Amino acid sequence: MTTDAPAAPYPSPFADRAAFVFGCPRSGTTWLVHLLLAHPDIAGADAESLVFNALEDFWNNAHRSDGEGVSAYLGDGGVGVAQRVFCDGIFAAARNRFFPEASWFVEKTPDHVFRLPAMAMTYPDGWFIHVLRDGRDVARSLAKAPFGPPDPGGAAAMWVNAVQQVQLHHWRLPRFIEIRYEELVADPVGQTIGLFEWMGLEVDDTVRAELAERAPHAVSVYYPDEGVGAGKWAKLTPDEQTAVRAVAGELLAELGYADS
Amino acid sequence: MTDTLRLGDEYVAMSPLRGRPVFLLATPESGAELLLHALGELEGATALPVPTHMFSQGAATLFDRWVAGEESTRPQGMAELVDEQEFFAAVRGLTDTVLASAVGLDGDDRVMEYSKGHIFQTGVIAAIYPDADLVHVVRDGRKVVSRGVTPLHDWSAREGARRWREDQEAVTAPGELPNLHVVRFEDLVTQPAESVKSLVDVLHLAPSPADVDAAVAILARGAAGALDPPLPHPAAIVELLAGDVLEAYGYTLGDRGKAHRNARIELGVESAVLGAREQVNRVLHRLRDAAQRAQAEQ
Chain A
1 MTTDAPAAPY PSPFADRAAF VFGCPRSGTT WLVHLLLAHP DIAGADAESL VFNALEDFWN
61 NAHRSDGEGV SAYLGDGGVG VAQRVFCDGI FAAARNRFFP EASWFVEKTP DHVFRLPAMA
121 MTYPDGWFIH VLRDGRDVAR SLAKAPFGPP DPGGAAAMWV NAVQQVQLHH WRLPRFIEIR
181 YEELVADPVG QTIGLFEWMG LEVDDTVRAE LAERAPHAVS VYYPDEGVGA GKWAKLTPDE
241 QTAVRAVAGE LLAELGYADS
Chain B
1 MTDTLRLGDE YVAMSPLRGR PVFLLATPES GAELLLHALG ELEGATALPV PTHMFSQGAA
61 TLFDRWVAGE ESTRPQGMAE LVDEQEFFAA VRGLTDTVLA SAVGLDGDDR VMEYSKGHIF
121 QTGVIAAIYP DADLVHVVRD GRKVVSRGVT PLHDWSAREG ARRWREDQEA VTAPGELPNL
181 HVVRFEDLVT QPAESVKSLV DVLHLAPSPA DVDAAVAILA RGAAGALDPP LPHPAAIVEL
241 LAGDVLEAYG YTLGDRGKAH RNARIELGVE SAVLGAREQV NRVLHRLRDA AQRAQAEQ
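Heads up: the protein sequence lines correspond to chains A and B, in order. One point on numbering: in this note's numbering, the residue at position 204 of the first sequence is 204, and numbering is uninterrupted. One point on numbering: in this note's numbering, the residue at position 210 of the second sequence is 210, and numbering is uninterrupted.
Worth flagging that the hints you see were computed from the coordinates, not collected in a lab. One or more of the hints may lead you astray.
[Stated by the list, open to error] So the derived list for chain B, only partly shown, Cβ under 8 angstroms to chain A, looks like this:
(1) Pro51
(2) Gln57
(3) Leu274
[Unchecked claim] What the simulated footprint calls covered on chain A by chain B, stretch by stretch (three residues with Cβ under 8 angstroms from a Cβ of chain B suffice, anywhere in the stretch; the number is not a length):
(4) 68-77
(5) 230-240
Given the structure is predicted, the values throughout are model-derived calculations rather than measurements. Positions of the beta carbon are idealized from the N, C-alpha and C atoms, including for glycine.
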């Protein structure tokens, strides 16, 4: 797996040092960021910045069909620069405020699965981490969350849409890696160290110890009596499981989840 | 928000374009493009030929999403990461990049920009660019809407009147702005020489006499047909919906006549329809609530 990538589009404070975590909501993205922040050279927050959602209008402006708009002056490469200047400004201010010694920034917004082309243009040198989780577990979790669809079938459709977006666009991201939630749960320390090594970050005993301390910490939990882990989809009713399979069965099989 | 918040001096000082931008703010058909063309003739001024729409389609959404998810159960939005000044500075970086791509960073030309939706974003512009000059071009709303109902814009008279009113109110909403200059289109085209001289002074330009003559000639050409009477129906609608705003900018209201009577009837019908629709929606909501309660109790 190559880690070569184009250079940042301008002298960025986060050249080769910006990482983005995304995936369908309830896939473990918050927990992964919590683990990544074990490294002292990484700054970030478990809050979703929504920065690329916020830039959607600017991106649309840059692709107007009437010839007006910012592209008249920026051109394609310039759009990436302008968006990079904005994002770097946000990330640098956050880094300086919370982690002034860090040189990396990790951002997490699950919904950014729908913004990958814009992110590719803005951070061609970025490190993109997709967290993939069994769609049946995601559907159950989303349906129980206060912000998800109320039915597991609808939640499964969200999962399918999100995963397919990544499948469609990940080729645009030179530095892209996919990590499975189930593997992260089984070995959070080992999996996170693997990510650090992929990103070229040194891992010492201090980082290992911090990871070990963070690993059991549950985050983003909406029903604390259940604990964390894989396979909780088995608690769905038969009808709910049927509804989920109807929507996501094909993709689940493709990804190797159907038989588990 | 923008009544009291603006990009701080320390951040403005870091901008490579500090003190250079000039934003024209105007409802379409108010003469802003004519003025932009004229000002572009002056040495020391660069008029951007293509509207950027970067505030109406770009920065406005950034401000909307700045505090996102107030009703969300998970922490969201850039406000979780940075404070207002840092956010304003990041937006300034985005828009400065656009302007710098248009004119470059060398030199000290005033950079002049007009986009038709920017007048409604006056508060955002004033917050991000406290060092810019804002030129509000106002034209008699009756004439603006008379031109707006043509196929070029295809407004209804009511839509046009409301838009004109909301646009002018958007300029005054942020409160007193020391860098805001108001010019009336009618004065631009009937007194072009005085208008150009006045703008040269407030925008700190130093053009040659030939440049000034060229700018004056452009404004003077704009007078042709521009001061003809407005269409009766749009004029009546504007007077009914925005008469106070017309008078605030020095425009005299006309005599009430048949057009006003018809306009009052039209607005009355619209109001009744909207009122009826609201009533129906309220009943529907009550029925829906009752059904949900009944379901929950089962």
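Ascending list of hint numbers which this structure does not respect: Failing hints, ascending: 3 and 5.
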